[in-house]
Amino acid sequence: MSRTAALLLAAAVACEVAGTLALRATDGYKNLWPLLVVIPGYLGAFAFLGLSLREVSVGVAYAVWSAAGTVLITAAAAVLFGDRVSASTILGMAITVVGVAIINLSTAAE
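The sequence shown begins at 578 in this note's numbering and counts up by one.
Treat the hints loosely; a few may be bogus.
[Said to hold, decoys possible] Per label pair, the in silico range of CB-to-CB distance:
no. : residue 1 : residue 2 : range
1   : Thr684    : Arg661    : 30 to 38 angstroms
2   : Glu632    : Ser665    : 17 to 25 angstroms
3   : Arg631    : Ala655    : 15 to 23 angstroms
4   : Ile679    : Leu630    : 34 to 42 angstroms
5   : Asn608    : Ala678    : 34 to 42 angstroms
6   : Tyr606    : Val675    : 30 to 38 angstroms
7   : Thr603    : Thr651    : 14 to 22 angstroms
8   : Ser665    : Ala602    : 24 to 32 angstroms
9   : Asp604    : Val675    : 14 to 22 angstroms
10  : Phe623    : Phe658    : 20 to 28 angstroms
11  : Trp610    : Leu682    : 22 to 30 angstroms
Calculated from the structure, these hints are not laboratory results.
None of the values given here were measured: they were computed from a predicted structure.
Ideal Cβ positions, reconstructed from N, Cα and C, are used throughout, including at glycine.
Make a model of the complete structure from these sequences and hints.
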(Lines of atoms letter the chains of each structure in order from A; the text may use other names.)
(Lines give C-alpha, C1' and ligand atoms only; values in the text may rest on other atoms or scores of the structure.)
Protein backbone atom coordinates (compact mmCIF):
# COMPACT_ATOMS: atom_id res chain seq x y z
CA MET A 578 0.00 0.00 0.00
CA SER A 579 1.46 3.35 -1.01
CA ARG A 580 1.88 6.20 1.43
CA THR A 581 -0.85 8.17 -0.35
CA ALA A 582 -3.31 5.28 -0.13
CA ALA A 583 -2.47 4.77 3.55
CA LEU A 584 -3.05 8.47 4.27
CA LEU A 585 -6.36 8.43 2.39
CA LEU A 586 -7.43 5.37 4.35
CA ALA A 587 -6.35 7.00 7.63
CA ALA A 588 -8.39 10.09 6.72
CA ALA A 589 -11.40 7.85 6.01
CA VAL A 590 -11.02 6.22 9.42
CA ALA A 591 -10.63 9.59 11.18
CA CYS A 592 -13.75 10.97 9.50
CA GLU A 593 -15.76 7.86 10.35
CA VAL A 594 -14.64 7.96 13.98
CA ALA A 595 -15.53 11.66 14.27
CA GLY A 596 -18.90 11.13 12.61
CA THR A 597 -19.81 8.14 14.74
CA LEU A 598 -18.77 9.76 18.02
CA ALA A 599 -20.73 12.88 17.08
CA LEU A 600 -23.74 10.68 16.29
CA ARG A 601 -23.48 9.24 19.80
CA ALA A 602 -23.27 12.79 21.16
CA THR A 603 -26.67 13.64 19.63
CA ASP A 604 -28.17 11.51 22.42
CA GLY A 605 -30.89 10.07 20.22
CA TYR A 606 -31.23 13.37 18.33
CA LYS A 607 -32.12 15.29 21.48
CA ASN A 608 -29.04 17.42 20.81
CA LEU A 609 -28.82 18.40 17.14
CA TRP A 610 -25.56 20.38 17.16
CA PRO A 611 -23.35 17.30 16.76
CA LEU A 612 -25.05 16.67 13.39
CA LEU A 613 -22.77 19.43 12.10
CA VAL A 614 -19.97 16.87 12.51
CA VAL A 615 -21.95 13.70 11.72
CA ILE A 616 -22.89 14.56 8.14
CA PRO A 617 -19.51 15.86 6.92
CA GLY A 618 -17.80 13.11 8.91
CA TYR A 619 -19.60 10.35 7.05
CA LEU A 620 -19.32 12.15 3.71
CA GLY A 621 -15.58 12.52 4.25
CA ALA A 622 -15.24 8.90 5.33
CA PHE A 623 -16.79 7.59 2.13
CA ALA A 624 -15.01 10.13 -0.07
CA PHE A 625 -11.57 9.24 1.32
CA LEU A 626 -12.37 5.52 1.30
CA GLY A 627 -13.39 5.81 -2.34
CA LEU A 628 -10.19 7.63 -3.23
CA SER A 629 -8.10 4.98 -1.49
CA LEU A 630 -9.69 2.35 -3.74
CA ARG A 631 -7.62 3.70 -6.63
CA GLU A 632 -4.67 1.80 -5.18
CA VAL A 633 -6.03 -0.59 -2.56
CA SER A 634 -8.35 -3.53 -3.19
CA VAL A 635 -11.83 -3.05 -1.78
CA GLY A 636 -11.45 -6.05 0.54
CA VAL A 637 -8.28 -4.75 2.15
CA ALA A 638 -9.51 -1.15 2.33
CA TYR A 639 -12.80 -2.13 3.93
CA ALA A 640 -11.11 -4.51 6.38
CA VAL A 641 -8.67 -1.82 7.53
CA TRP A 642 -11.35 0.90 7.62
CA SER A 643 -13.88 -1.11 9.59
CA ALA A 644 -11.40 -2.69 12.02
CA ALA A 645 -9.56 0.55 12.78
CA GLY A 646 -12.85 2.40 13.13
CA THR A 647 -14.26 -0.22 15.49
CA VAL A 648 -11.21 -0.20 17.76
CA LEU A 649 -10.89 3.60 17.84
CA ILE A 650 -14.62 4.22 18.34
CA THR A 651 -14.81 1.66 21.15
CA ALA A 652 -11.82 3.19 22.94
CA ALA A 653 -13.01 6.77 22.45
CA ALA A 654 -16.57 5.95 23.55
CA ALA A 655 -15.20 4.41 26.73
CA VAL A 656 -13.26 7.59 27.48
CA LEU A 657 -15.79 10.18 26.29
CA PHE A 658 -19.10 8.55 27.18
CA GLY A 659 -18.17 6.02 29.85
CA ASP A 660 -19.12 3.04 27.66
CA ARG A 661 -18.10 -0.22 29.28
CA VAL A 662 -15.49 -2.36 27.54
CA SER A 663 -15.40 -5.99 28.63
CA ALA A 664 -12.56 -8.45 28.32
CA SER A 665 -14.47 -10.28 25.59
CA THR A 666 -14.82 -7.01 23.66
CA ILE A 667 -11.07 -6.44 23.86
CA LEU A 668 -10.41 -10.04 22.79
CA GLY A 669 -12.77 -9.67 19.83
CA MET A 670 -11.11 -6.45 18.73
CA ALA A 671 -7.66 -8.03 19.06
CA ILE A 672 -8.74 -10.97 16.89
CA THR A 673 -10.13 -8.51 14.32
CA VAL A 674 -6.87 -6.54 14.23
CA VAL A 675 -4.86 -9.75 13.81
CA GLY A 676 -7.18 -10.80 10.99
CA VAL A 677 -6.70 -7.49 9.19
CA ALA A 678 -2.93 -7.78 9.63
CA ILE A 679 -3.03 -11.23 8.04
CA ILE A 680 -5.10 -9.88 5.13
CA ASN A 681 -2.57 -7.07 4.61
CA LEU A 682 0.41 -9.41 4.79
CA SER A 683 -1.12 -11.87 2.35
CA THR A 684 -1.99 -9.06 -0.07
CA ALA A 685 1.52 -7.59 0.17
CA ALA A 686 3.02 -11.00 -0.59
CA GLU A 687 1.10 -11.29 -3.89
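query = Looking at the structure, which of the earlier hints fail to hold?
reply = Per hint list: 2, 3, 4, 9 and 11 violated.
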